[in-house]
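A.B. asks: So you can see what is in the structure, the chains are spelled out below.
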Amino acid sequence: MGVNKTEEMVLNIGPQHPSTHGVLRLKVQTDGEIVTSVTPVIGYLHRCFEKHCENITYQQVIPFVDRCDYIASMNNDFGYVLAVEKLLGIEVPEKVEYIRVIMAEMNRIASHLLALGTFGLDVGAFTPFLYMFRDRERILDLFELTCGARLLYNYMWVGGLSHDIPVGFVEKTYEFLDYFEPQIDEYNNILTFNKIFIERTADVGILPVDVAINFGVTGPNLRGSGLRWDLRKDETYSIYDRFDFNVPVGQGIKGSVGDSWDRYWVRVEEMRECVKIIRQALDMMPRDGDVKAAVPKRIRPPQGAIYSRSETPRGELGFYILSDGKPKPFRLKMRSPAFTALSVLSEISQGWMISDVLAILGSLDIVLGEIDR
Amino acid sequence: MKRYFYNIWETITTLMIGLGVTFGHLLRIRKGNVTLQYPEERWPQPQREIGFNLDRYNVIRSRLHVDIDDCIGCLQCSRACPVDCIKIEFVKVDKGLDIGTTSNDTKKRLLVTRFDIDMTECCFCNLCTYPCPEDCIYMTGGPNSRKHPIDYEYSTYDRSDLIFRFSNVDPDQVARLTGQNELKVGGK
Ligand code: SF4
Ligand code: SF4
Numbered sequence: 002m003g004v005n006k007t008e009e010m011v012l013n014i015g016p017q018h019p020s021t022h023g024v025l026r027l028k029v030q031t032d033g034e035i036v037t038s039v040t041p042v043i044g045y046l047h048r049c050f051e052k053h054c055e056n057i058t059y060q061q062v063i064p065f066v067d068r069c070d071y072i073a074s075m076n077n078d079f080g081y082v083l084a085v086e087k088l089l090g091i092e093v094p095e096k097v098e099y100i101r102v103i104m105a106e107m108n109r110i111a112s113h114l115l116a117l118g119t120f121g122l123d124v125g126a127f128t129p130f131l132y133m134f135r136d137r138e139r140i141l142d143l144f145e146l147t148c149g150a151r152l153l154y155n156y157m158w159v160g161g162l163s164h165d166i167p168v169g170f171v172e173k174t175y176e177f178l179d180y181f182e183p184q185i186d187e188y189n190n191i192l193t194f195n196k197i198f199i200e201r202t203a204d205v206g207i208l209p210v211d212v213a214i215n216f217g218v219t220g221p222n223l224r225g226s227g228l229r230w231d232l233r234k235d236e237t238y239s240i241y242d243r244f245d246f247n248v249p250v251g252q253g254i255k256g257s258v259g260d261s262w263d264r265y266w267v268r269v270e271e272m273r274e275c276v277k278i279i280r281q282a283l284d285m286m287p288r289d290g291d292v293k294a295a296v297p298k299r300i301r302p303p304q305g306a307i308y309s310r311s312e313t314p315r316g317e318l319g320f321y322i323l324s325d326g327k328p329k330p331f332r333l334k335m336r337s338p339a340f341t342a343l344s345v346l347s348e349i350s351q352g353w354m355i356s357d358v359l360a361i362l363g364s365l366d367i368v369l370g371e372i373d374r
Numbered sequence: 083m084k085r086y087f088y089n090i091w092e093t094i095t096t097l098m099i100g101l102g103v104t105f106g107h108l109l110r111i112r113k114g115n116v117t118l119q120y121p122e123e124r125w126p127q128p129q130r131e132i133g134f135n136l137d138r139y140n141v142i143r144s145r146l147h148v149d150i151d152d153c154i155g156c157l158q159c160s161r162a163c164p165v166d167c168i169k170i171e172f173v174k175v176d177k178g179l180d181i182g183t184t185s186n187d188t189k190k191r192l193l194v195t196r197f198d199i200d201m202t203e204c205c206f207c208n209l210c211t212y213p214c215p216e217d218c219i220y221m222t223g224g225p226n227s228r229k230h231p232i233d234y235e236y237s238t239y240d241r242s243d244l245i246f247r248f249s250n251v252d253p254d255q256v257a258r259l260t261g262q263n264e265l266k267v268g269g270k
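Sequences listed follow chains A and B, in order.
Numbering-wise, this note's numbering comes out as the position in the first sequence, counting from 1, plus 1.
Numbering-wise, this note's numbering comes out as the position in the second sequence, counting from 1, plus 82.
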């Protein structure tokens, strides 16, 4: 550029901006329309989650975990109860494991639908957003049928579930899956393979796999860069080893490996895998059993520390719990996948246009509730 | 040059495919595909008669209600609450005085003088409804609708109207039953 360099200007995007997916402020240094650096400013949604957890019992933490990643609450609950169960050393009944997997995968679909829909919205496609929200609504209806809540469930408890699945849930879920599978092709037709969308996203914001690993990026963002790393497969927890599913990775079909389109595509393909897992789980699930059989009366873990991680729609969610033998955690640390995804933004958006930065941000699929906690 | 025309061709075809999808939707407007006209129509509540013991089935997140006549003031619910929005105070009645029994035939020993739930603070986690030994705190609607119908809109003009006071005991009654004017109040 050299000769054409203009005076640099700082542009603030957010905290109130529809494309920042929450209250995030981006300080963008621009040279004309070219972005020279991006500094995310976070903390607007800070609610002292970790400090607060030191003052409430293990059971009472669950509603707060729900509110961290509020788009995939079931997955967050899952990660947390796995950690506490590991600390307590309790086994949960078969049926509970299956219901948990079904719920977590359903929420993964719901979360990916939201991610893809808003990504489309960020680059200017409005209709797919509406279609995806319509289908997400069906999943939320199923959740409401099960636990009464549509967004913040408090459904998974330490050692079990708050209650059994209702009669007719299995049939309704099969019905939903039959409805949903053809819908994925419809999304592909309307958005994924649309030339305008490809032009906006392919080859934009390439995240090389070594950069992704150095920044600790996980989940679909890492898989979009071509690394086959999924905790459900590589460090199996719960009963994920019983299901047959693939881990889709980005292959650079429309551009180069690790671009925004690849991250998008990984999510689309993951929804198909979720459908597969849910089908198998519904087939294999024992029909009777007490879901509260292993729920401890009082949760009082022995002294010690535990780190447990699980795969949420955004990546690797870890809980480090330090217990001093009291009914309340001494210290609880949460490793948030969206936080690392946001930290890589400044690295990969240099040299792109301002509108591309928003596309890259959308493709990273961050949730501010989890970043600020 | 070839690339240029190929791009144009690809744009037009994928655009047409996309428009085909939206046009298809236009032709088959399904139920649930269009916006609900809210005040006239309401989003259907999921069916609740789903094979549980309805008396114990508490799956709904709406307004909390307390059957105060059944409450024994055991504080279990307020201890379970993660945000401390249930405020209970009670007085001990003198031994020998009978203040009735609950529906489960438990003898009441405490007079609940204050039972306030601040629904503006409530996070609808439902944790308070599980430990209650008398099943007298529950979310309204659903299977409980014969005891208390659902408050669908659940909105007020004033925020202070969302603090629900359930206790029906007046100070005179307390003084009469406990035989003392200075009250020893316990609870949270
Ligand atoms: S629903 Fe949860 S937040 Fe609300 S009063 Fe009950 S325990 Fe407290
Ligand atoms: S748990 Fe039930 S009986 Fe005990 S104080 Fe609460 S409402 Fe009353």
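A portion of the hints provided could be inaccurate.
[What the hints assert, rightly or not] Short derived list, chain B residues pointing at chain A, Cβ under 10 Å:
1. T96
2. G102
3. S160
4. P164
5. T202
6. F206
7. C207
8. P215
[Stated by the list, open to error] Straight-line alpha carbon distances no greater than 25 Å define the calculated DSS-like cross-link-like pairs of lysine-lysine that follow:
9. A:K196 with B:K174
10. B:K169 with A:K52
11. A:K327 with A:K96
12. B:K189 with B:K174
13. B:K169 with A:K329
14. A:K255 with A:K96
15. A:K277 with A:K234
16. A:K298 with B:K169
17. A:K255 with B:K84
[Stated by the list, open to error] Here are some chain A residues the structure puts well away from chain B; computed CB gaps all over 10 Å:
18. H18
19. D32
20. T128
21. R273
22. K334
23. S347
No wet-lab data here; the hints were simulated from the structure.
We treat Cβ as the ideally placed atom computed from N, Cα and C, and that holds for glycine.
A.B. asks: Next step is simple, just say for each hint if it's right about the structure.
C.D. replies: Here's how the hints hold up against the structure:
1. T96: 5 Å, holds
2. G102: With a minimum Cβ separation of about 8 Å from chain A (threshold 10 Å), the hint on B:G102 holds.
3. S160: Check failed: Cβ of B:S160 comes no nearer than 12 Å to chain A, outside 10 Å.
4. P164: This hint holds: B:P164 lies near chain A, its Cβ roughly 4 Å from the closest one there, short of 10 Å.
5. T202: 16 Å, violated
6. F206: Status holds, d = 7 Å.
7. C207: Holds - the Cβ of B:C207 comes within 10 Å of chain A, reaching about 4 Å at its closest.
8. P215: 14 Å, violated
9. A:K196 with B:K174: 75 Å, violated
10. B:K169 with A:K52: 24 Å, holds
11. A:K327 with A:K96: Answer violated: A:K327 to A:K96 is near 30 Å, above 25 Å.
12. B:K189 with B:K174: It holds: about 13 Å lies between the C-alpha atoms, which stays within 25 Å.
13. B:K169 with A:K329: 22 Å, holds
14. A:K255 with A:K96: Distance of about 42 Å is beyond 25 Å: violated.
15. A:K277 with A:K234: 14 Å, holds
16. A:K298 with B:K169: 24 Å, holds
17. A:K255 with B:K84: OK: A:K255 and B:K84 at ~18 Å, within 25 Å.
18. H18: Non-interface label stands for A:H18: nearest chain B Cβ at 26 Å, farther than 10 Å.
19. D32: 29 Å, holds
20. T128: Given that some Cβ of chain B is not farther than 10 Å from that of A:T128, nearest at about 6 Å, it is violated.
21. R273: Answer for A:R273: holds, closest chain B Cβ roughly 18 Å.
22. K334: Given a closest Cβ separation of 19 Å, the condition holds.
23. S347: 32 Å, holds
When the structure is compared with the earlier hints, violations turn up for hints 3, 5, 8, 9, 11, 14 and 20 and for no others.
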